[in-house]
Every structure is written in C-alpha cells, then in structure tokens.
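Enquirer: Residue numbers (the numbering used here), protein chains in the order written: chain E, 1 to 772; chain B, 1 to 232.
Bear in mind the hints are in silico, worked out from the structure with no lab data behind them. Values in this document were obtained by computation on a predicted structure and should not be read as measured data. Ideal Cβ positions, reconstructed from N, Cα and C, are used throughout, including at glycine. Please note: incorrect hints may appear among the correct ones.
Label-pair ranges, simulated between beta-carbon atoms [said to hold, decoys possible]:
id, chain 1, residue 1, chain 2, residue 2, range
1, B, 226, E, 713, 35 to 43 Å
2, E, 359, B, 78, 28 to 36 Å
3, E, 350, B, 36, 21 to 29 Å
4, B, 185, E, 214, 39 to 47 Å
Derived coverage of chain E by chain B (criterion: at least 3 residues anywhere in the stretch with Cβ under 8 Å from a Cβ of chain B; other residues may be distant) [stated by the list, open to error]:
id, segment
5, 121-134
6, 262-271
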Amino acid sequence: MSAATTGMTRSAPDSVANAIATPGKEQPYAALGLKSDEYAKIREILGRRPTSGELAMYSVMWSEHCSYKSSKNYLRQFGTKTTEKMRKNLMVGMGENAGVVDVGEGWAVTFKIESHNHPSYIEPFQGAATGVGGIVRDIISMGARPVAVMDALRFGHIDHPDTARVVHGVVSGISVYANCLGLPNIGGETYFDSVYQANPLVNALAVGVLRHEDLHLANARGVGNKVVLFGARTGGDGIGGASILASDSFSAGGPTKRPAVQVGDPFAEKVLIECCLELFAGRLVEGIQDLGAAGISCATSELASNGDGGMFIELDSVLLRDPSLTAEEVLMSESQERMMAVVTPEKLAGFLAVTAKWDVETSVIGEVTDTGRLIINWQGEEIVNVEPRTVAVDGPVYDRPVAYPSWIDALQADSAARLDRPSTPEALREQFLALLGSANLADKSWITNQYDRYVMGNTALSFPDDGGMVRIDEESGLGFAVATDANGRFCQLDPYRGAQLALAEAFRNVAVTGATPVAVSDCLNFGSPENPEVMWQFSRTVEALSDGCLKLEIPVTGGNVSFYNQTGDVPIHPTPVIAVLGIISDVGMRIPSGWQDEGNNIYLLGTTVLELDGSAWAGVVHDHLGGMPPAVDLAAEQTLAALIAAGGEQSLIASAHDLADGGLAQALAESVMRFGVGARVWLNEILERDSVDAATALFSESTGRVIVSVPREDDVKFQGLCEGRGYPVLRIGVTDNSGELEVQDLFTVKLDELRGVHRAALADRFGTVVVQ
Amino acid sequence: MRIGVVTFPGSLDDRDAQRAVRLAGADAVALWHGEHDLHGVDALILPGGFSYGDYLRCGAIASLSPIMAEIIAAANRGVPVLGICNGFQMLAEAHLLPGGLIRNNHGSFVCRDQKLRVENTSTAWTNGFAPAAEITIPLKNGEGGFIADADTIARLEGENLVAFRYLELNPNGSLNDIAGITNARGNVVGLMPHPEHAVEEGFGPDTAAAMRSGTDGLTFFTSAIAAFATSV
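Bound conformation, chain B alone (with noise of 0.2 Å):
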C-alpha cells in the first residue's frame, strides 16, 4: 500500500508520518503541495506543522493549495485522508470536516501526552482499536480548540461523528471534549493529537512500563493498510 504526505510549507512534521506509514508496514510517498499529482497513492496524510506560518487562520492558506483540489475529489471518492493537527484544521477549512479550531482556551502553545479515548473505531483509520479503546499519543498545538454550531454538535453526536475524545483533562477547551472527528463515510479523519509520535519505542510518550515506550498511535496507520486489504 502506497501512502501520500503532502509537504506545505511550513509543514513540520510530514518526515514523522511517512517513519509512521513506513513503521506501519506500508510505503510512504512525499507529495509537494504545489502540484497537482497525487502519484496514484492509496490514502492521504495532511501532516502536522504551522503551514504558511498560520497566518489568517491555521490551515486556511493551505487549503486552497492546488493539491487540495486533488485531495477534496479523493476524499469524495473514499479514499481515507488523515489530517493530523494541522492537517485537521485544512481538512475543516476545506469543509472535508465540520466545525473549527481556535486559539487554546488557556492562551498558551501545549505539548503533553495526552490520553484519549477512541469513540468511533469504524473509520478507515482506528478500526484496528477495540470498542472505547483508551490509548495515550502526544498533543502540542495553540491552536487545538474545537467549536461548532448546537445542531452540527448534536449531529457529531447523534451520528457517532466523535472519533476521539479527551480523557482526564482538556488540554484546550473543546466543545465535548472532542479531539478528533470523523466524515459519515469514515474515510476522512481528523484530529490534533499527534498519533505519529507514538509509532516507535523509544521515542514516544511515557508509559507505566517503561520510558517512551508509548506506541498507540501505530493503530492509526495500520488500520489504514488493514482497511486497504480488505477493500482490494
């Protein structure tokens, strides 16, 4: 399986997700933001970062990138897209997802392992996690807060849109707790925190057995190759 991180700049963690679709078991494929090829990939990560510096409001710029074009008429045929912090706030600019992120509630950039429960694991991406699996990836952006209108929330809700929700603590003030969505079709998600740094031991977040030995977030590409195998 064949799959594509699309580099904006500004982009910063595009490098850290194609370790994890490699980690995973598939191959990664850079793709550049400026043109409008997506070398026949079979899904999509937007990755993490400050593309264009986050001016006028994160991951707008960057969702009127001429790739986006190509990635708004993938996502439409099925194939899954992950957009990850950054890339969760293009996928909500370029209304792939609902709703919006704001500024942290408390003001400040924050970095933390944070735990989240798995509310959907239907999707293209977490139905490799068991019913309300609860799992631990890291979380670090200023800009994480989740809003939506009343009726786009109790649809979230009704419709089991929520894909993650924060446990133990809010780290930025969104609606519900929410950290991550989902389209109807499952094969579009987003959300802030990081699965990709938590894909190797050694390098991820804390857990009770030992330093940084925290991998949870390789769930999230393997699904992908695990609902790729089944779909081919």
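Okay, chain E solo, but in the shape it has when bound (with noise of 0.2 Å):
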C-alpha cells in the first residue's frame, strides 16, 4: 500500500535549501557504497552538503559500474594505440552507448558486449533477461534497428548441484527474453568451471544496423527542446543500495525492502524498439539515451554532460507504478524498459502520436536549459543543483595498486608437458571421446535449440559454426559476421597471452566464416580491483588487447568492464570476452564450418606444436592447469585470415573450421558431424613435418590453424594461394561417405557415436528439451 492510501504523511524532501540549512547532518554515504573522500570530494564540488537526492546520483553514478573508475587510467590505451587505419570506419568510438562502424554502401554497424553477471546469479532468468534488454536498448539508442543477439555464458562445474539452477534460469530467461523481442540468437559460447561457481557470467551481446543518416546520440541540445521518458513506468525494481537508503530517514512509511534485481517485460521492449524505429524514421528525435544502470541519473546527467549543459527537470512528472516511491527511489530505480528522448517544441505533437500508436506511456519530464546546471525539481522544492558533467563524467579515477601475483611463477612452471600423453590406438581415441563428451567441448544445441535463429530471415550462419553471420542488405547480400571467443584457463596462466588467444581465436572464427574482421567490443570480467593481483592480471590484459588490437589494426569500440566477481577472496579466472565483428560483401560466399561433399580434399593450414598448457586435454584427462599458453602470432592469424577470405572469394574452399579448444581432433569430429559427411584423415604427414607426436597432433592447441575442405578440382589453385602467401599447408585427409570418422592407424568412430557422445553431456544433466 502506497503511503497516500495509508494515510502517512510524506517527510518534506530534503531540498537544496534544506542541505544548505543542515549542513551538519549525517549522511548514509558509506552504506551507499561511496568512500569517505568521494563524499568530502562530493561536498567540496557543490560548495555544501549534497542533498539526499543529490548523494543517491553521486553514488550510483560513482559506482565501479557506471564510473569505471579502477579501470579508466587503463582503458584510455585503446584510444590512444591507434592507426589512421583503425579509425578510418569508426563512426562512433568508446564512451557513447555503443560503438559505430561503417560498413560501406550507406550503412553502418553497431555492436557492444556488456555483462549482466552478479543479478544473473543471484535471479539467473531475470538476471539473463533484463542482460540482454539492456544491451538492446543500447543498440537502439544509437538509432539502429537491433539485428541479432548472442551470448557468452560461464557455468560453474556441470555437476555442482547449484549448476542446474543457474543454467536453467540463465538459459530461460535469455530464450524468453530474446525469442520475444524477435532477435535471432546466432551464436555465442558456453564453459562450465567451478570457479564461477558463485560467480557465474553472462554476457550478453546485441548487434544493430542503420543507415549512416539514422545515427543519434545522447546528447541534450537545443535550449528548450523537451525532455521525453517513455516506455515502461518506473517502479521500485532494481534500486541498488535502497534497501540502506529506504530504511533510513528518506521514507518513513514507505516501502522498506527493495529487489535489487530488475524484472524484464520483453514485449514492452519488443513495443518499445519498433516505436523508437518510428520516432527515428520520421526524424522525431534530437537526442536518446536509454534506461539502464542507474537509471534516470544516468540518463539525465549523461545527456545534459554531452549537450550544451543544462537542463531542468520536473520529478513529480514521471509517470510511477508506485506512487509510494521517493525521489531518490525515483531517480535511482532500474526499472527496465525505458528510454529517454530530446525531441524540439515543434516536433513533440508528432513524437507523441507515435508513442499512443503504439500504447507506449510517455511524459514530458523537463527541458533543456542554458544554465550548465543539472536541476531537479520535486514536490514544488529543488532537491538537486549540480554540474551534470561531475556526475557523469568527472567521476573519482584511481590508480589501484597492483601487484605481480605471489603464485603465478609456480603456477607457469607446472607445464603439462610432463603429464603422460596416449600412444596407443585405444587410448588416443578413448581420451579423444572423453574430450568431446566433456561439459566445454560438448554440443551446445541443448541451450542453442531454445532460442530463435530464424527470425528476421537473413540468418547466414549461426550456431553451431564458427561465428553468426547476417544478412544486412536484401539486395546486395553485404552482410556482418560476428564471434565471442575467452578461454579464462588461458588468462589464469598469462593474462596478456591469454586476452590476445582470445581476441585471436575471435578474429579467426570471423575469418573461417569469410568475412573480413573490422571491429572489437570486449566485456572485461575480472574479481575485485581492490586485490592488487587481480589490477595486475586486468593492467594485463588491456595492455595486451590494446597491443593485439594495433598489430590487427582493428579497433576496440566499446564494452565494458565487470568487477567484484569473486566470492570471499578467491577471484573468478580473468575472462575477457572478446567480440569480433567482420564484414562481408556478400553473404552468399559465406563459408561453412563443416563438410559438405564427399571427395573433397582436407587441408590443415599452419603447424603444431607441444602447446598443451591450459588445454582442454591437460583439463579434461589430467585435471590439470599450468604452464604457459600457445603462442599468439597476429601477423600469421592476418594472413590466414586474408588467405581464407581470398580462397572464399574465388569458392575454392568448400568449408572452414577454427582450431580452439579440443585441437584438431575436435575440429575434425565437429566436421563431420556438422552434416554428417565423414572422413579419412592421416597424421603421418604431421608428425614428420612437425615433429609431434600422436597425442600432441590431435589435442594440441596451437594458435594459428585451420581445417578447410577443397574440391579436387580446385586444388591446384588452392595450393598455389597457400604457397603465394607463405602459409604453411598440408593435405591430411579426405571427406567420404562412410559416416565416420577415421584417423588412418589409430581409430574409426561412427558418425552415431560422435553424436551420441557430444550431445550427452547437457541433455544427461539439464534433461532432453528436444532430440535433434
């Protein structure tokens, strides 16, 4: 019950006037999450005491979420490490809601990774909902129409009992969610480890598309123009911290116990993008930001920074679920759904007669002011006077200590090599069918298979192939690819070799697919930045994205960084979930990953060597994680990257597939499996060439290869492209039609085994949705 209808009368907001008079009194700062000299550095910018309101936005927006103010110092790097190249197609770089790209013939891509990782755990379908509704909204306040949606998902161990719970809620609450707002779900990656045990992630990332002349930003320009919200009514969900805040003196009677947690409406957001769609076509809309963390905070602060300034906003105006709720309720609430627009005096008749078409609620909250000053006004008083730039830019920055982890030279010492390799028949392929049934190389579809790939009908390519892939234009078939790819095993041995194998494993699953990779968002999940070991292992790690990131010439365009994932002292693995975008002319010379004809010859491009740190063998057989990951060579991955784009071009190559994770043992059983087409292949060629062993040439996780499949009668040409661009190239096998896999000397597995195997691991834990 609202405290109008139980008859409590409100205490009087705490008003600018009333922080003047009061200056002596006690505020719940600390409880709020900000640190004594973040509020002596808030009362030194205002010249008093903030008021209630004003210390609920400080704290929100001071946040390490909104401020990123541990990991700025670093994140300027991907700025800073540059070419003219790289900028050359950026049309909107890091800090807006999300990065811009031109892709030529007039359009645009925009693309973002953001984590939704500590609600997800907390309230997994929820948590996964509102991840993806955020990440949406961000796409479509660029001014694009959101195309597709994938997910970077960790797990903890798959036989946790805890596990379930999370995977269940997790993977639902993405498949409603997404399925609903009508957004193919192409791809994306899932690992299951007990050290996300209490710390699962999920990353959730969007893709959108425009016109280079529908690009908006968020910004407040124009004095007088109109402050709009619209969308889903504010509510009490989602308001981090409060609970401390409700219970103290700000709202005697009112309701005390706030869900951190948003609650998702898909079809609000599905309403919500087609009339954003419609505002943006008919030209309604100056400037858009959307709702998300720290809500009408955010978005009145962010926009006021990027404008010219000023604005001035009537509170009471909001349109609430609960008329309960207080000002700092109001200005701090999460609820999901909501957009906020600047739209001109004129225009505003025509803004509102799309929203009543599409029953979108929508208020006039404030408009556009010269003064510089961001001010808010509630029950007749003002109760917020501030610079909107010290709110939302001028944050706290901090240099944090780090420190080179006490265990890490210990840990790098501990190579697997010692660990004892099969050479036996028998134990190669019993080792070979452990890696495939096990939690992180097995099939994914079990999740996959709940969500819609279909929808919008330009789905390329989407799971299981190396990256998704969409059709952009109808006309000219230009189309994007797009790939997440982290291996935290990895990043636990070496941070800055572990974030180049990612970014390099997601800039081949975009190159195998044929496109040509443009672009990076990154979704940094690290513990705590107050453990100087864990600033080491993300100094690390943007260090070395930044330098990978050069050396590709690619740029980073945006992401986001998630801290505090560690329960008690011991930190998640660094997991830095690197996207790669790539664009394609023509998404008809797409590639696939698996074979489709038998006859053809199959090629392994580039070498191997004894790199079984940190691979899923020394993991899946031995329980084992030392030593130093594969080497990364970005110059080779770009060579590799153009000789498959140019043996795509000329459709010499009939299929490609990434090497990651399993080695070329998986690659080769997800080959076959992928169509059922089965294979002869030879590894004698390797181990002379190589000097490896069997063992090594099947599980080794040698950066830099690729298996592709060329008709015979395209062989001369293929070879001679090889050959042309200096990459290493040798033919090991043959695809026929006996619906199996044979590896000549060692083993033979049937086509109905390698599926039987590969898709039992989830279906056996989480239940059969659907036999494939």
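Now that you have both chains on their own, put them together as the hints suggest.
Expert: Put into structure tokens, the structure is as follows:
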C-alpha cells in the first residue's frame, strides 16, 4: 500500500535549501557505497552537503559499474593505440552507448557486449533476461535496428548441484526475452568451470544496423527542447543499495525492501523498439538515451553532459508504477524498458502520436536549458542542483595498487608437458571421446535449440558454426559476422597471452566464415580491483588487447568492465570475452564450418607444436592447469584470415573450421557432425613435418590453424594460394560417404557414436528438450 | 495478387512473411491490427510472434484486436487466411479453427528444422504440394502443443482437416502429431511451423544438397497465388 493510501504523511523532500540549512546532517554515504574521501569530494564540488537526491545520484554514477573508476586509466590505451586505418571507418567510438562502424554502401553496424553477471547469480532468469534487454536498448539508442544477439556464458562445475539452477534460469531468461524481441540468437559460447560456481558470467552481445543518416547520439542540445521519458513506468525494482536509503530517513512509511534485481518485460521492449524506429524514421528525435544502470540519474546527467550542459527536470512528471516511491528511489530505479529522448517543441505532437500508436506511455519531464546545471524539482522544491559533468563524467579515477601474483611463477613452471600422453590407438580413441563428451567441448544445442535463430530471415550462419552471420542488405547481400571468445584457463596462466589468444580466436572465427574482421568489443570480467593481483591481471589484459588490436589494425569500439566477480578471497579466472565483428560483401559467399560433400580434400593450415598447457586435454584427462598458454602470432593470423577470405571469394574453399579447444581432434569431429559427411584423415605428415607425437597432433591447441575442405578440381589453385602467401599447409585427409571419422592407423568412430557422446553431456544433466 | 500481413504489437515474423509473399510473386500489404481496413487484399496472413507478450493466453488478446472483426468476416467470405504460429493461436482463439495450443510438453521453447507431411493438398495454401508431400520448415515455439476434445479430433481426422502432421519427431506433444489444420472450406489454414522461414536459399533449413538451402515453405505462398489466379 502506498503512503498516500495508508494516510501517512510523507516527509518533506531534502531540498537544496534544506541541505544548506543543515550542513551537519549525517548522511548514509558509506551504506550507498561511497568512500569517505568520495563523499568529501562531493561536498567540495557542491560547496555544501549533497541533498539526499544528489547523494543518490552521485553514489550510483560514481559506482565502479557506472564510472569505470578503477579501469579508466587503463582503458585509455584503446583510444591511444590506434592508427589512421583503425579510425577511418569508426563513426562512433568508445564512450557512447555502443560503437558504430561504417560498413559501406551507406550502412553502419553498431555492436556491444555487456555483462549482467551478479544479477544472474541472484536471480538467473531475470538477471539474464534483463541483460539482453539492456544491451538491446544500447543498440536502439544509436538509432539502429537491433538484428542479432549472442551470449557468452560461464557456469560453475557442470555436476555441482547449484549449476542446474543457474543454467536453467539463465538459458530460459535469454530464451524468453530475446525470442520475444524477435532477435535471432546467432552464436556465443558456454563454459563450465568451478571457478564460476558462485560467480557465473552472463555477457550479452547485441548487433544493430542503421543507415548512416539514422545515427543518433545521447546528447541534450537546443535550449527549450523537451526531455521526454517513455516506455515502461518507473517502479521500485532494481534499486541497488536503496534498501539502505529506504530504511534511513528518506521514506518513513514507504516500502523498505526493494528488490535489487530488475524485472524484465520483453513485450514492452519489443514495442519500444518498433516505436523508437518509427520515431527515428520520422526524424522526431534530437538525442536519445536508454535507461539502464542508475536509471534517470544516469540518463539525465549523461544527456546534459553531452549537450549544452543544462537541464531542468520536474521529477513529479515521471509516471510511476508505485506512487509511494521517494524522489531518491525514482532517481535510482533501474526499471527496465525505458528510454529518454530530447525532442523539439515543434515535433512533440508528432512524437506523442507515435508513442500513442504503440501504446507506449510517455511524459514530458523537463527541458534543455542554458544554465549549465542539472536541476531537478520534486513536490515544488529543488532537490538537485549540480553541474552534470561532475556526476556523469568527472567521477573519481583510481590508480589501484598492482602486484605481480605471488603464485604465478610456480603455476607457469608446472607445464603439462610432463603429463603422460597416450600413444596407443585405444588410449588415443578413449581420450578423444572423453574430450568430445566433456562439458566444455560437448554439443551446446540443448541451449541453442531454445533460441530462435530464424526470425528476421537474414541469418546466414549461426550456432554451431564458428561465427554467426547476418545479411544487412537484401539487394547486395552485404552482411556481418560476429564471434565471441575467451579462455579463462589461458588467462589465468598468463593474462597477456590469454587475452591475445581470445582476440586471435575470435578474429579467426570470423575469418573462417569468409568475412573480414573490422572491429572489437570486449567484456572484461575480473575479480575485485581492490586485490592488487587482480589489478595486475587486468592491467596486463588491457595492455595485451590494445597491443593486439593495434597489430591487427581493428579498433575496440566499446565494451564493459565487470569487477568484483569473486566470492570471498577467490577471484574468477580473468575472463576477457572478446567479440570480433567482420564484414562480408555478399553473405552468399560465406563458408560453412563443416564438410558438405564427399571427395573433397582436407587441408590443415598452420603448424602444430607441443602446446598442451592450459588445454582442454590437460583439464579433462589430467585435471591439470599449469604452464604457459600457446604462443600467439597475430601477423600469422592476419595472413591466415586474408588467405581464407581470398579462398572464399574465389570459391576454392568448401568449408573452413577453426582449431581451438580440443585441437585438431575436436575440429575434425565437429566437421563430420555438422552435416554428417565422413572423412579419412592421416596424421603421419604432421608428425613428420612438425616433429610431434600423435597425441600432440590431435590435442595440442597451437594457434593460427584452420582445417579447410577443397573440391578436387580446385586443389592446384588452393595450394597455389597458400604458397603465394607463404602459409604452411598439409593435405591431411579426404571427405567420404562412410558416415564415420577415420584417423588412419589409429581409430575410427562412427557418426552415431560421435553424436551420441557429443550430445549427452548437457542433455543428461539438464534434461532433454527435444532430440535433434 | 495482394496479400495482407497483419502486424500486432509483439508480432515478430511479420516482415519475414512479407518477404515470403514478395518472393512468391505477390504484393505484400502491411496491415495494422488497430485498423478496420483490409485495404482490399486478396488473402491474409497472421504472422508469428508474441502478440501482447503472450500474456493471458497466446493469441487471446490479439484475437480481439479491431482488425480481427474484418478478418473473421473475410474468412467467412472465403478469403484465404494463413495463421502461422502465433497467427494459428489467434485463429484458434477467434474460433476460425477448432482446438487450442498449449505449452510444449517438455516445457521449453524449441527451435528446430521440422519435417512435416502435407496431409491435405486441396487448401488455398497447400494446393501446390504433391499429395502426402514431405517437407522441412523451421519450427520455433514455446506453446505449440495442439489439443482438442476427442470428438473434434475425430472430426478433423475423419473430414481430412488435418493439413500437416509432424514426422519423425513430435516436438511439442501435439495430439495425433497434428502440426496444422484447415477449415472445411480450405481457405483458413493454421500451423505452428514457419513456412516463411524456408523461402529463400541461403536462409532456410539445411538440406542434403546444401547448408540452409531449404525452400519448402515457398509453396504455401505460391499455392495462394495459384488459388487466386483460378478464382478470378
């Protein structure tokens, strides 16, 4: 029941005048997550104590999540380590809701990956669902139509009793929300590891497309323009830390416990998408911002900071689900499916007509001013009067202590090279199948079959292909490809190399589709920044990624940092999820990941060395993690990508599949299972050329490797292509109609057995949805 | 020929259905649920999606949209109407087709390439198929389990009103493996799988010939065009 209906009188709001009159009033800054020096800084900025509303705004906007205060100093490298080529096609870089890349023909693509980790552990269904909702609104606010999503997921050990709860919740949350938005889910990745037991990772990626002229930015320009809030009503959900606020002096008589996890309504968001696109098409919007973390606090202060600098808000005009909300709660609420737009007075009627058509509730809550201040009134009193940049932009920045981890030398010294490697055909076969059926290499269709991959009718590739691909232009066939990757085990061994391995793999996964990689978005998941060893991992990671992107000459266009992924003193493995976006001029030329025809030659591109440290083999067979992860050669990756692109354009390549987790053995198995075309493969030339044993040839995770199948008539041309580019290549087999994978002289596995082993891991634990 | 595709709040596959109509050779006309005007179209498609978020019951709120009054009248005049997935649910809720659709028996949303047998090839939307044709088109739903009372099932089976039946695997627990049905006149057809997602090579289900090359769904739309051509 609201305060009004219970007959209680609401306490007067803490106005600016009141703050001046009561300078000594104690304020719950610590409970809101602010440090005492941060609170002192706020008092210094304002020249007085903040009002409770201002304190609420600063506390959320200066939080790690919103301000990037621990990571900002490092993230600058993504902007400084760039070349002219990297900047050329970048229409919008880091700092906006999402980066935008010019992809030619008047089209642009915007994409971003973002974490929703902590909510997804507390309430997996809503946490994951609203993770999708949030990233999709970032895409809309650039003026784009969202056209695809994918997710990078990390769960605890597959056999831990709590894992099923999180898996079912997260997968159905993503399924319900994204399916209901009508966005194809085109890929992603899922790993299980006990390091994520109480810290699952849900990183949601969305891609949008727009015509150049449709680009919108989050700024409030034009004095007298109206500030309009539209979408869902504002409720009491998602008020982080507000339970403390509510239990303090702010809201005697009001509800005291607010859920900190937001609740999503995908139908409201779907309608909001279509409504926004109609507003954009009608040129009815000057600036737009979605409401995500920190809600109205964030949207008003960011819009004002990026515009002419002044804004006046009448907070009573905000439409509420619950009339008993206090001003502070209205400012902090993270209710979903809301957008804020800046609209000229002349276009306001047109704007309101569109939102009325879509039954989207709308209220004009203020206007752009030239005061240079963000002023918010509530019940006739001024409760906020701040310079918006001090809230949104000029928050605290920390140079946190960094320490080289005490344990890492010992870990790196413990190489998997000392572990027993199988040599008999029986043992190799057994370990091959053990890997194939292990949680992280097993078929993930239990998850992906719960996602709509067809909606919109433009999906050219999706799971289980290496990257997802979507057509942008129906006439020309122009399209994009996207892939995400991260191997936390490698990053734990060496964060610098691990991060570049993730970058290299995502880059390669895009390249094998036939697309050319053009941009990067990253979601950096780490433990506590207050742990100097975690900060060291973080600093090495950002250095590695900025160095790597410079070398590959593809810019980082945006992303997100998620700290505090740890329980007690134990942080997760550093998990920088790297999303690479690629462009292909005609999706009709895309390259499948599996063998489609019998009688094609199978080639292995790249060389194999003994690199089993941190591998799936070491983990699954020996429960071992130690040593140094595989070496990365980004120049070789570029050559390989260009080679595959050329082979694709000349139609020489019938399929291409990246080698990564599980090595050659896993890639061969997946290539057979994709379309059920068998193969006979021989290893002897690999063993001879690369001086490795059979186990290394099968399970090593050396980088820069891809298997391709080539029709016989194109053999000469293909080999010429490889020679011309100086890339190592070996013919290692031929596809056939045997319905089995034969590794000559070692073992043979029939298709049914491959599929049975591959599919069992998830279905056995989480229940069968529908057999493929 | 002009085929209308109705967009409801929460419709998802409306633009896909429009594309399918165009690829089949007809003009696609976008219709808005809140209007009473069918713009003189010659046939109608109620597309897939989650109209009104599937709140209350799938298709229940949409079946009361203003335009549904016109659609019911048109259907009763013999205008071809195709309900796909959520559109099928609307046709059932509007009593243009018997039975109902309930949550999949395994409890989850499922997306898969689904094999079907075309059981009735004399409807406005299936006349281009060979008798008992076996086709593969995508299926994607959370509430696709077809149910009806025993008498209705007996009538559907006895009067050859089962238009499509699931083959090899029943993905949602539908009675008698029923994937779609028709009215007796053959102008109103509803089914859970999505023909509009199998109309263009490169973007449909996998086939033995090539990845994503399945276009079995196109015949739904060319059938309607053929039916229209013979009727005028």
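Enquirer: Now look at each hint and say whether the structure bears it out.
Expert: How the hints compare with the structure:
Checked against the hint of 35 to 43 Å, the pair residue 226 (chain B) and residue 713 (chain E) passes, with Cβ atoms roughly 41 Å apart. Checked against the given bound of 28 to 36 Å, the beta carbons of residue 359 (chain E) and residue 78 (chain B), roughly 33 Å apart, stay inside it. The hinted range of 21 to 29 Å is satisfied by residue 350 (chain E) and residue 36 (chain B), whose Cβ atoms lie roughly 24 Å apart. The supplied range of 39 to 47 Å is met by residue 185 (chain B) and residue 214 (chain E), whose beta-carbon atoms lie about 45 Å from each other.
Residues of the segment 121-134 of chain E with a Cβ under 8 Å from some Cβ of chain B number 0, which does not satisfy the need for three, so the listed coverage is violated. Proximity of the segment 262-271 of chain E to chain B, defined as three or more residues with a beta carbon under 8 Å from a beta carbon of that chain, is established by the 6 residues found.
Violated hint for the displayed structure: number 5, the only one.
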